[in-house]
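Asker: Each chain is listed here by its residues.
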Amino acid sequence: MIDIMLIIALALFGLAVLITLFRVIVGPSLPDRVIALDMIGVILISGIATISILLETKAFLEVILILGILAFISTIAFSKFIERGVFIERKRDL
Amino acid sequence: MIVIANILVVLLISIGVIFTVVAVIGVLRLPDVYTRSHAATKSTTFGVLCTLSGVFLYFWLIEGDFNIKLLLGIVFLFITAPIGGHIMGRAAYISGVKPSELTVKDELEEVVKQAKKDRTSQKMKSDED
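Residue numbers (our numbering), protein chains in the order written: chain A, 1 to 94; chain B, 1001 to 1129.
Be a bit skeptical, because a hint or two may be false.
Claimed, not checked - Calculated lysine-lysine pairs in the DSSO-like style (CA-CA distance at most 30 Å, straight line):
1) B/K1116 with A/K80
2) A/K58 with B/K1098
3) B/K1116 with A/K58
4) B/K1042 with A/K80
5) B/K1113 with A/K58
6) B/K1117 with A/K80
7) B/K1123 with A/K80
Quick caveat, the hints were computed from the structure, so don't treat them as lab data. Keep in mind the model is a prediction, meaning the values are calculated, not measured.
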């Protein structure tokens, strides 16, 4: 019974990734695309967690941590790129 | 005992899936960047939290393994996902993405304008020095 429910959940996660991919391609501005990419990362995390129950293995649990860190750091880097700010702020005393 | 654990796991993962699907509908249909980031960060974070909690309970109650890595992942996601959404919204506003026409009030406009004016005058002053 739990297997059927997990497969349905995986199908819904796949559908969610597809719809978000539509937003990545269409999205009118750059921040739209970055937010959608961040969301794809988060949906992938829940998909991997579901797969690890389905296969009854603990091997994928490190992937969750690493994907979370990568999604966060890429969002921060893209936001700095979009703001066109300075990456490291220095105080110069002239 | 196993039946109760199974019901708990299924309930948590179902809540996670429902929130994720609602968030995706929001990302597809809402009008501008700010409302879309609202949908994408808040409800997706709650959905993934519920799903990961269900997986954690599955491994704890059924397989008998208290997995600290999964717990660390839950805490990390709970802290970082809203920060990413907030910082992305700020970058979108500063880079000049217009809000949709349905927006009633924009209180940030004057503040950003004043800050830009201050920065340019400060720069001119430091150039003169």
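Asker: If a hint holds in the structure, say so; if it does not, say that too.
Answerer: Taking the hints in turn, this is what the structure says about them:
1. Between B/K1116 and A/K80 the CA atoms are separated by roughly 17 Å; this keeps the pair inside 30 Å, and the hint holds.
2. For the hint pairing A/K58 with B/K1098, the CA-to-CA distance comes to about 45 Å; that exceeds 30 Å, so the pair is violated.
3. Among the hinted pairs, B/K1116 with A/K58 is inconsistent with the structure: their alpha-carbon atoms are about 51 Å apart, more than 30 Å.
4. As the CA atoms of B/K1042 and A/K80 are separated by approximately 21 Å, the hinted pair is consistent with the 30 Å bound.
5. For the hint linking B/K1113 to A/K58, the alpha-carbon distance of about 52 Å lies beyond 30 Å, and the restraint is violated.
6. Taking the CA atoms of B/K1117 and A/K80, the gap is near 21 Å; set against the 30 Å cutoff, the hint holds.
7. For the hint pairing B/K1123 with A/K80, the CA-to-CA distance comes to about 21 Å; that is within 30 Å, so the pair holds.
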